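Number of protein chains: 2
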Amino acid sequence: MLRVILFGLGPIGAAIGRLTQDKPNMKIVGAIDVDPAKVGQDVGRVIGLDRDLGVAVSSDAAEVLAVPADVVLHCTGSYLEQVKDQLIQCLRAGKNVVSTCEELSYPRRKHPALSADLDQVARDNGVTLHGTGVNPGFVMDKLPLTLTSVCQQVDRVDVTRIVDAGKRRLPLQKKVGAGMSEVEFRQQVDAGVIKHHGLPESAAMIADYLGLPIVKIEETIEPVMATAVVTTEYLTVQPGQVAGVKQICEAMGDGKVLVRLELQMYVGAPDAADTVRVHGKPDLTLTIPGGTHGDLATAAAAVNAVPLVAEAREGLRTAADLPVRFAPGKLAEVLA
Amino acid sequence: MLRVILFGLGPIGAAIGRLTQDKPNMKIVGAIDVDPAKVGQDVGRVIGLDRDLGVAVSSDAAEVLAVPADVVLHCTGSYLEQVKDQLIQCLRAGKNVVSTCEELSYPRRKHPALSADLDQVARDNGVTLHGTGVNPGFVMDKLPLTLTSVCQQVDRVDVTRIVDAGKRRLPLQKKVGAGMSEVEFRQQVDAGVIKHHGLPESAAMIADYLGLPIVKIEETIEPVMATAVVTTEYLTVQPGQVAGVKQICEAMGDGKVLVRLELQMYVGAPDAADTVRVHGKPDLTLTIPGGTHGDLATAAAAVNAVPLVAEAREGLRTAADLPVRFAPGKLAEVLA
Numbered sequence: 002m003l004r005v006i007l008f009g010l011g012p013i014g015a016a017i018g019r020l021t022q023d024k025p026n027m028k029i030v031g032a033i034d035v036d037p038a039k040v041g042q043d044v045g046r047v048i049g050l051d052r053d054l055g056v057a058v059s060s061d062a063a064e065v066l067a068v069p070a071d072v073v074l075h076c077t078g079s080y081l082e083q084v085k086d087q088l089i090q091c092l093r094a095g096k097n098v099v100s101t102c103e104e105l106s107y108p109r110r111k112h113p114a115l116s117a118d119l120d121q122v123a124r125d126n127g128v129t130l131h132g133t134g135v136n137p138g139f140v141m142d143k144l145p146l147t148l149t150s151v152c153q154q155v156d157r158v159d160v161t162r163i164v165d166a167g168k169r170r171l172p173l174q175k176k177v178g179a180g181m182s183e184v185e186f187r188q189q190v191d192a193g194v195i196k197h198h199g200l201p202e203s204a205a206m207i208a209d210y211l212g213l214p215i216v217k218i219e220e221t222i223e224p225v226m227a228t229a230v231v232t233t234e235y236l237t238v239q240p241g242q243v244a245g246v247k248q249i250c251e252a253m254g255d256g257k258v259l260v261r262l263e264l265q266m267y268v269g270a271p272d273a274a275d276t277v278r279v280h281g282k283p284d285l286t287l288t289i290p291g292g293t294h295g296d297l298a299t300a301a302a303a304v305n306a307v308p309l310v311a312e313a314r315e316g317l318r319t320a321a322d323l324p325v326r327f328a329p330g331k332l333a334e335v336l337a
Numbered sequence: 002m003l004r005v006i007l008f009g010l011g012p013i014g015a016a017i018g019r020l021t022q023d024k025p026n027m028k029i030v031g032a033i034d035v036d037p038a039k040v041g042q043d044v045g046r047v048i049g050l051d052r053d054l055g056v057a058v059s060s061d062a063a064e065v066l067a068v069p070a071d072v073v074l075h076c077t078g079s080y081l082e083q084v085k086d087q088l089i090q091c092l093r094a095g096k097n098v099v100s101t102c103e104e105l106s107y108p109r110r111k112h113p114a115l116s117a118d119l120d121q122v123a124r125d126n127g128v129t130l131h132g133t134g135v136n137p138g139f140v141m142d143k144l145p146l147t148l149t150s151v152c153q154q155v156d157r158v159d160v161t162r163i164v165d166a167g168k169r170r171l172p173l174q175k176k177v178g179a180g181m182s183e184v185e186f187r188q189q190v191d192a193g194v195i196k197h198h199g200l201p202e203s204a205a206m207i208a209d210y211l212g213l214p215i216v217k218i219e220e221t222i223e224p225v226m227a228t229a230v231v232t233t234e235y236l237t238v239q240p241g242q243v244a245g246v247k248q249i250c251e252a253m254g255d256g257k258v259l260v261r262l263e264l265q266m267y268v269g270a271p272d273a274a275d276t277v278r279v280h281g282k283p284d285l286t287l288t289i290p291g292g293t294h295g296d297l298a299t300a301a302a303a304v305n306a307v308p309l310v311a312e313a314r315e316g317l318r319t320a321a322d323l324p325v326r327f328a329p330g331k332l333a334e335v336l337a
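Note that the protein sequences, when read in sequence, are chains A and B.
Numbered continuously in my numbering, the first sequence closes out at residue 337.
Numbered continuously in my numbering, the second sequence closes out at residue 337.
For the record, the hints were derived by calculation from the structure and aren't laboratory data.
From a predicted model like this one, the values you see are computed outputs, not experimental measurements.
Some clues are possibly wrong.
It does not matter which identical chain is meant; a pair holds if it fits inside one copy or across any two.
[As the list claims (entries may be wrong)] Calculated lysine-lysine pairs in the DSBU-like style (CA-CA distance at most 30 Å, straight line):
1) K196 - K111
2) K282 - K24
3) K196 - K24
4) K24 - K111
5) K24 - K168
6) K217 - K24
7) K168 - K85
Sequences are here, hints too, so could you generate the full structure?
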């Protein structure tokens with residue numbers, strides 16, 4: 002039985018919590034959140050189950066982390082500097098950590114010193130620290146890296162992910178700027194509000210593990226303008242308004258692009274898909290028509306990582322360091 | 002520097018040898034083959050390079066395996082019973098092994114006792130034993146397993162691989178029966194000549210790692226008949242003759258199919274592709290248009306596994322146990 006602690010009970014943390022309850026070999030033994038509306042409540046109710054689990058949500062992380070447990074599922078923020086103290090607290094309590102913090106997926110380029118510190122704390126405490134999700138964590142890093150295993154030579158990697166934001170939650174539709182004017186959109190970009198986290202981390206992970214000699218990583222965020230009326234379950238976008246966002250990250254070598262990641266998230270996208278192109282020997286293209294569902298997939302990636310992280314070597318481990326697959330709860334008898 | 006020994010210098014072994022020479026961190030330090038035409042020759046010439054490597058091919062495995070080396074690249078046969086003594090000899094010499102033996106990719110169901118023995122010998126000698134390739138090893142096992150990492154539930158996995166044998170080597174075109182009569186084809190199937198190895202291994206790997214409760218694995222081999230004239234670089238197939246083979250492997254649960262693998266290899270296939278379908282939550286489809294090139298990819302998979310196996314935990318390790326990716330020779334500085 003894998004004992005898990007939930008650290009952060011927002012929408013993704015709650016989805017992760019519910020999914021652990023589908024696994025016969027996982028049990029929630031603690032839950033941490035600072036929201037006064039959640040503290041003191043039974044975690045089962047807080048994550049949306051129709052039953053109590055006999056574990057009360059606490060805002061006292063130290064107290065919860067004193068409970069014996071195998072893995073902390075951490076979902077509190079995107080910026081590593083903002084969550085590092087939480088992560089260190091988990092590691093010092095001797096707990097393995099799976100986190101959805103986007104910057105943790107591959108922090109070595111943006112935060113080299115902090116990465117080394119986190120790695121050392123994990124090793125000192127004999128545990129593993131791992132950041133994952135669907136993007137970063139899968140579509141734009143793990144999946145293309147896996148594809149390169151059948152290549153004799155790799156010169157460049159391109160990934161395009163097109164998401165129809167109209168089929169997602171309202172917060173996501175708002176987050177991509179649907180319905181805004183272009184001026185408002187650009188203000189929100191400048192304010193750092195409209196921004197998907199993780200593309201530079203994925204680009205760096207690909208480049209470093211493939212040995213592609215990159216010298217800089219650049220990122221741009223542009224609006225996708227609606228050319229016709231788009232109506233979703235929650236809102237209507239008029240022609241000339243913003244339909245969503247197109248974010249491009251390029252990892253450059255000496256004068257040429259070595260990794261190019263393009264994320265389009267807008268309402269009414271007709272051709273949602275994840276597409277990977279490896280330029281090399283041979284050239285390879287891989288497509289997931291419709292694309293990998295963001296919310297479902299991020300919760301799945303985190304929960305499926307639990308048994309792998311519990312078994313992994315100590316230290317900071319990326320998606321490229323670990324095998325990944327669905328965690329069935331228990332393995333078939335032949336493997337027992 | 003990773004020192005490798007080549008064990009078996011047929012077409013695939015030679016391709017693997019050539020590819021190691023593209024890696025700045027791999028060096029051939031020994032070569033084993035029983036073919037009198039190769040013994041005593043410089044391995045560089047035998048594998049098709051235009052230069053000597055200063056290593057003579059030897060038929061004396063014990064002598065070659067006494068040389069200090071990190072990994073043996075083993076390519077001598079498809080049947081585990083036939084190559085087990087070679088593998089054990091490598092392991093006892095303290096060498097990690099990457100083998101293209103199809104039955105080694107996931108031997109636990111077909112050869113449970115022998116698997117346990119090989120695992121124990123590897124552990125006793127502190128080394129890793131790994132079977133890989135493109136199929137088995139990637140398209141029908143590692144790739145679908147990787148895709149399931151973003152699934153919340155997995156009910157069934159289907160993989161279809163369609164190969165245009167007309168674009169491959171003559172031996173492969175003959176191996177799939179191109180140009181035979183249907184009677185001759187079925188005789189060759191009954192004689193065990195027309196058969197791609199590895200589908201039951203891939204099906205078992207998927208089922209066991211996903212926890213799908215299979216009770217039996219069945220395999221059928223049928224001809225694909227030509228309906229029009231097909232001309233390849235090497236031969237012509239008339240309508241009514243065999244164009245190639247369609248091999249289907251099904252892993253069954255209690256009355257239903259849980260894993261279905263279909264391999265079509267025939268001349269003139271218009272729609273070559275690898276396609277994975279995961280039925281679950283969510284359903285996911287993944288396509289590699291054109292398909293993964295068999296010869297290039299098998300050599301790549303084996304050579305790319307060398308650094309991973311050199312670092313892996315001791316014992317028998319499958320593609321599902323290891324992360325996979327292109328081996329660049331040396332990692333970028335940030336990872337050093």
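How the hints compare with the structure:
1. K196 - K111: Within one copy only: 17 Å inside, 51 Å across.
2. K282 - K24: For K282 and K24, only the inter-copy Cα distance (14 Å) is at most 30 Å; the intra-copy one is 41 Å.
3. K196 - K24: For K196 and K24, neither the intra-copy (33 Å) nor the inter-copy (39 Å) Cα distance is at most 30 Å.
4. K24 - K111: The answer is between: 29 Å across copies meets 30 Å, while 35 Å in one copy does not.
5. K24 - K168: Cα proximity of K24 and K168: one copy only (27 Å, versus 46 Å across).
6. K217 - K24: between (42 Å within a copy, 25 Å between copies)
7. K168 - K85: Answer is neither; intra-copy 33 Å and inter-copy 54 Å both fail.
Consistency with the previously given hints fails for numbers 3 and 7, ordered from lowest to highest.
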